[in-house]
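Enquirer: First residue of the sequence shown? That's 0 in numbering that gives the first Met the number 0, and the numbers climb one at a time after it.
For the record, the hints were derived by calculation from the structure and aren't laboratory data. Computed from a predicted model, the values in this text were never measured in an experiment. Nothing false has been slipped in among the hints.
Have a look at the derived ranges for each label pair, beta carbon to beta carbon:
#1 A60 x Q125: 31 to 41 angstroms
#2 Y34 x S115: 16 to 26 angstroms
#3 W26 x E102: 28 to 38 angstroms
Virtual Cβ for every residue (Gly too), placed ideally from N, Cα, C.
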Amino acid sequence: MPMPTTQHERLATLTAHFATEITLDDWTWSSLYEYATGDVPEPEQIAEITHLRAVSPEGWASTNIALLAHLTDGRSATCVAWSDTTGFGCQQGVDWRINDTREQAIAMSLDKESRSHLGLTLPNDQQPT
Numbered sequence: 000m001p002m003p004t005t006q007h008e009r010l011a012t013l014t015a016h017f018a019t020e021i022t023l024d025d026w027t028w029s030s031l032y033e034y035a036t037g038d039v040p041e042p043e044q045i046a047e048i049t050h051l052r053a054v055s056p057e058g059w060a061s062t063n064i065a066l067l068a069h070l071t072d073g074r075s076a077t078c079v080a081w082s083d084t085t086g087f088g089c090q091q092g093v094d095w096r097i098n099d100t101r102e103q104a105i106a107m108s109l110d111k112e113s114r115s116h117l118g119l120t121l122p123n124d125q126q127p128t
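Hey, can you work out the whole structure from these sequences and the hints?
Expert: Written as structure tokens, this is what we have:
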């Protein structure tokens, strides 16, 4: 396998082993940075992607992405992103956040739906039956 030549290609390599509906290629990663809001880590700060969900809920170029990452300095980062059927560049939202700990990232930076899809639910996420 050739070595990645850009930081976005390196990030695509970090997510290649995940069995997701859509692939986070270097173009998708570049979009996650181009349209980013929030506390955005530099690409080289991301040491590992520990949890990833990437689907196309409406087909075409629509995306829903949620991820949890371990940073090189020991902190954790999350990204929750979406785009409509026209893809990134038209209508989208990309929210990055950095927290001191993994637990803070899960509890404070991922919404309930993202936590559920990533298998990271909190006790308060459970609905009484």
